[in-house]
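S.K.: Same order as they appear, the protein sequences are chains A and B. Residues 30 to 513 (the numbering used here) are what the first sequence spells out, left to right. Residues 16 to 580 (the numbering used here) are what the second sequence spells out, left to right.
Don't read these hints as lab results, they were simulated from the structure. Glycine residues also receive a C-beta, built at the ideal position from the N, C-alpha and C atoms. Watch out, some of these pointers could steer you wrong.
What the hints assert, rightly or not - Label pairs and their computed distance ranges (CB to CB):
id, chain 1, residue 1, chain 2, residue 2, range
1, A, Thr245, B, Trp275, 15 to 23 Å
2, A, Arg221, B, Lys577, 50 to 58 Å
3, B, Leu175, A, Asp126, 50 to 58 Å
4, A, Arg221, B, Trp275, 47 to 55 Å
5, B, Leu417, A, Asp107, 54 to 62 Å
6, A, Thr88, B, Pro478, 35 to 43 Å
7, A, Val139, B, Thr369, 33 to 41 Å
8, A, Glu136, B, Gln553, 35 to 43 Å
9, A, Arg221, B, Val231, 47 to 55 Å
10, A, Glu410, B, Tyr182, 52 to 60 Å
11, B, Lys176, A, Asp107, 45 to 53 Å
To be verified - DMTMM-like mimics (lysine to aspartate or glutamate), calculated; alpha carbons at most 25 Å apart, straight line:
id, chain 1, residue 1, chain 2, residue 2
12, A, Lys254, B, Glu163
13, A, Lys336, A, Glu410
14, B, Lys322, A, Glu136
As the list claims (entries may be wrong) - Which chain B residues face chain A? A few, computed with CB under 7 Å, are given here:
id, residue
15, Trp279
16, Glu302
17, Lys333
18, Asp335
19, Pro353
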Amino acid sequence: MATLSQLQLRSSFLPSFPSLRRSSEPSAAAGVMGRGRGRGRVEAKIREIFMPALSSTMTEGKIVSWTRAEGDKLSKGDSVVVVESDKADMDVETFYDGYLAAIIVDEGSVAPVGSAIALLAESEDEIPLAKSKAAASSSSSSSSDPSTAETLAPTPPPATEALASPPPPSPAAPSPVSASSSTHPAAEGGRRVVATPFAKKLAKDLKVELGSVAGTGPMGRIVAKDVEAAAAAAPTTAAAAPSPAAPTKPAPSALPAVELGSVVPFTTMQGAVSRNMVESLAVPTFRVGYTITTDALDALYKTIKSKGVTMTALLAKATAMALAQHPHRVVNSSCRDGKSFTYNSSINIAVAVAMDGGLITPVLQDADKVDIYSLSRKWKELVDKARAKQLQPHEYNTGTFTLSNLGMFGVDRFDAILPPGTGAIMAVGASQPTVVATKDGRIGMKNQMQVNVTADHRVIYGADLAAFLQTLAKIIEDPKDLTL
Amino acid sequence: MHSAISLSVAAPFPAAGARSDAFPLAGGLRPAGIRFCGLRREALGLRRLRSPATGRIPPAPARGLPRTVAAAAAAAAAGAGNGSPASGFDYDLVIIGAGVGGHGAAVHAVENGLKTAIIEGDVVGGTCVNRGCVPSKALLAVSGRMRELHDEHHLKSLGLKVSSPGYDRQGVADHANNLVSNIRSNLTNSMKALGVDILTGVGTVVGTQKVRYGKVGLPDKEITARDIIIATGSVPFVPNGIEIDGKTVFTSDHALKLEWVPDWIAIVGSGYIGLEFSDVYTALGSEVTFVEALDQLMPGFDPEIGKLAQRILINPRKIDYHTGVFAKKITPAKDGKPVLIELIDAKTKEPKDTLEVDAALIATGRAPFTKGLGLENINVVTQRGFVPVDERMRVMDANGNLVPHLYCIGDANGKLMLAHAASAQGISVVEQLCGRDNVLNHLSVPAACFTHPEISMVGLTEPQAREKAEKEGFEISVAKTSFKANTKALAENEGEGFAKLIYRPDTGEILGVHILGLHAADLIHEASNAIALGTRLQELKVAVHAHPTLSEVLDELFKSTKLDT
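The shape of chain A in the complex, shown without the other chains (with noise of 0.2 Å):
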């Protein structure tokens, strides 16, 4: 890494300042190193060429030309590799002899420092070894390159990544099924494509198969936003309902196995999750917490738990209850446009449930209203539909209200992020044994848990919040009114 360092020293100059002068076409003598793979094997002759760092401030470099081909023989020294950092293009070159067996990283395209960018062999015979190691290792990572991704494995068609997410098609997205019958004037009964160059980016980006699209621009032809509303059809409701607490929920173990180092672009859902993370950021936002002994809850739910009842119910019912009893019902309110308030009619409680390679919110719909008994039943059959892949959109995109527990992880508080579109979220942590002194002066052991509420203050105030959350305590810790 000495030479790293050095190079680093070159590349941090001052312009303008000839005493400090770099010379005008760097010539980077880094990069290419063999990384020692521990392993006494043939494997060994089979160095990586990896992302330099070609200044301090560097995190990702983008290949802006090979200078050499596959195949080609490499001495010690010689240019190989373009890459555009922060700064500047620079000359890499490579540290050994050998082949250059395998361009990873297409030129145009960007890679972090360190990952591995080609492979170098150190004889002709390995050539077709190094070749398949680096098919392998970007067919298993999902490369970082679409273009090389696409070199190696055919582009999996949008539908498989509508399977993959739990939600089904929003209705009010088209189809990409429905979209390939329309009648495209353009595309003279389908044998021609007629997109604009903008779709055709899109489409790429987006990994959108262009004949799969209908075009609804001028004369049938195909613009971005039918390549959008495409790739938007299958991870709409991921889009479209509140994915609460997105960060809080633990990654499903049932991922395919990532490549360290590698770096995976978002599926669309997941581009969706983060579109809906951000657009949170537009919320001002505030947070109150409260401790709430639970002993008494607990106790309930001892006697109950053989009539079905789940905690997760008894802990909708009583925020329902408490939602229900303050004026106007402000904390199950929501701004939509920044102007006004949106009382809604019913208080409907999402409750945020991690599956698999996703969120999902299902909702207990007058929760308020619906007995404990029929309200367990309602989340058992909402857990079931979900899991097949069954929920109707209202059945998870109409909360007014979201709660999200990892209590059952011993996580004892975290804070949640608002899903746009509600007025307010409650984090809700484990219930722990406490030592609680009370106000007679006695010392005593309590179960307390706290939970933490976000809300949109252009509709919530902190005196709401309390109040609610003084009387969500109030239910929980005197719960005789859950079962009512």
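Since the structure of chain A is provided, determine the placement of chain B on it from the hints.
M.R.: Structure of chain B alone, referenced to chain A:
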């Protein structure tokens, strides 16, 4: 006023069946025209370094020849506005065509005491002012700002917030139109103020030193002149098979009026004109499809610059392209059908694809406007429309002999189709008329493309320089720098850019400079002047540049050269 849109093709025009030669040039400034390069070598040869010890490349040898009698007479008349002609002629100089070339020649002639008239059949200003560089700069000024306002990432990194910027098409079009009127009246007034006679009508050469001009329906007038300059310019070149309707299929002439902004426009030709229009249209919200006959976009540029230009100006924008294809047939939109473009393979002539777009801009270069000049009267035969001239812009007849007292400058001679080249040629001719021999070094004429960021160049491209070096047996070196290394560019958050300098390490002579980056068009002059004046890198290396300025990009280039001496 001198800028890019009139650049374009200085290259072979299509003889039937030879379209593969002409079409692809598409406005390329450095096309592979053999004639062109030949000239360049010649011109540079004149200024070859002979006495390195002086540190300067000697100026053209013929300077300072004894003045002719006419020049002496003219000098006597100088200071009295547009003086009286030398004996026997109505004028000392008559210029046919009041574009930038004719204007430059006329002003310089009067300043040198020649009685001068300029004949214009249309409006003063020619292509550049009315249908080229000038209105396109107005549109590009708008597109540059739109681009900045829409680049949220860029604004954010500067700490700026702008909400939903938009534009009013008519307002943009008016800006271009107002600029044209303004520049045109400036040009007209500058000639009137000096006393240049502006004669209205179409000029025809009727014989040696004799010109007829007149308007349709009016009796023609005939005047005599000691010397005549043809400066009739060029018109957009439209290949066969393309039907222009001026609305959905049009040339730069129509596009500059910005009567509408199509959702999707095909631009045929990816040279300067096409590239500048792609910048305008994409900034205003259009999507663009380039149709280019050569295998790569922007064929006229230095390959390294072209590659980077593609990365900056094409790939991130709403642009796609078809290369290696001809637009065999283009049918304007009608009866609810879109514009149809039939593409054929440039080599095999096999049908390749059909495009359906809202509009098509034909930017395949420019053709000389030399019809009706009466050249047959003096036994001059045009070559694909271009008037043949020698290196002093003297017109040559069919037998290769010089036609006395007749010169041709600008696009009409096709040497270098740039407004400022025409003007420089005109000034060079007037210098000769005043008895000071002068040969314009075309290799010192800079060129610019006003995209965002801009591209500029002077002298040879790297492949041209390598070819020349091999032929003449000298070494060349190349110095490069990035705008990312320039403080001012980084302050502007415009670090994208690159500059290269091709030079002779043995003599310190600059062979070419190419810049892609912020204000590249303004930066090039340090290099072009150095080439014109023969300044060597030994001197430029120690010249001082203010800090922090974009000019330090060139400073960096000069200083990083490695010279043998």
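S.K.: Run every hint past the structure and note whether it holds.
M.R.: Here is what the structure says about each hint:
1. Our hint of 15 to 23 Å for A:Thr245 and B:Trp275 holds, since their Cβ atoms are close to 21 Å apart.
2. Checked against the hint of 50 to 58 Å, the pair A:Arg221 and B:Lys577 passes, with Cβ atoms roughly 55 Å apart.
3. Evaluation of the 50 to 58 Å hint for B:Leu175 and A:Asp126 yields a pass: the beta carbon distance comes to about 51 Å.
4. Evaluation of the 47 to 55 Å hint for A:Arg221 and B:Trp275 yields a failure: the beta carbon distance comes to about 26 Å.
5. With their beta carbons about 56 Å apart, B:Leu417 and A:Asp107 fall inside the hinted range of 54 to 62 Å.
6. In this structure the supplied range 35 to 43 Å holds for A:Thr88 paired with B:Pro478, their Cβ-Cβ distance being about 36 Å.
7. The hinted range of 33 to 41 Å is satisfied by A:Val139 and B:Thr369, whose Cβ atoms lie roughly 35 Å apart.
8. Between A:Glu136 and B:Gln553 the C-beta distance comes to about 38 Å, which sits within the given range of 35 to 43 Å.
9. The beta-carbon spacing between A:Arg221 and B:Val231, approximately 49 Å, falls within the hinted interval of 47 to 55 Å.
10. For the hinted restraint 52 to 60 Å between A:Glu410 and B:Tyr182, the CB-CB distance of approximately 55 Å keeps it satisfied.
11. Between B:Lys176 and A:Asp107 the beta carbons are some 48 Å apart, a value that agrees with the proposed interval 45 to 53 Å.
12. In summary, the hint linking A:Lys254 to B:Glu163 is supported, as the alpha carbons are separated by about 23 Å, within the 25 Å threshold.
13. Proximity of A:Lys336 to A:Glu410 is assessed by CA-CA distance (about 15 Å); at most 25 Å being required, the pair is judged to hold.
14. For the proposed pair B:Lys322 and A:Glu136, the alpha carbon gap of about 12 Å is at most 25 Å, so the pair holds.
15. At its closest, the beta carbon of B:Trp279 sits 5 Å from a beta carbon of chain A; the interface hint therefore holds under the 7 Å criterion.
16. Hint status for B:Glu302: holds, given a least beta-carbon distance of 5 Å to chain A, under 7 Å.
17. Taken as an interface hint, B:Lys333 checks out: its beta carbon lies about 4 Å from the nearest beta carbon of chain A, inside 7 Å.
18. Given the 7 Å rule on beta carbons, the hint for B:Asp335 holds: about 4 Å separates it from the nearest Cβ of chain A.
19. Hint status for B:Pro353: holds, given a least beta-carbon distance of 5 Å to chain A, under 7 Å.
Checked against the numbered hints given earlier, the structure breaks only hint 4 and satisfies all the rest.
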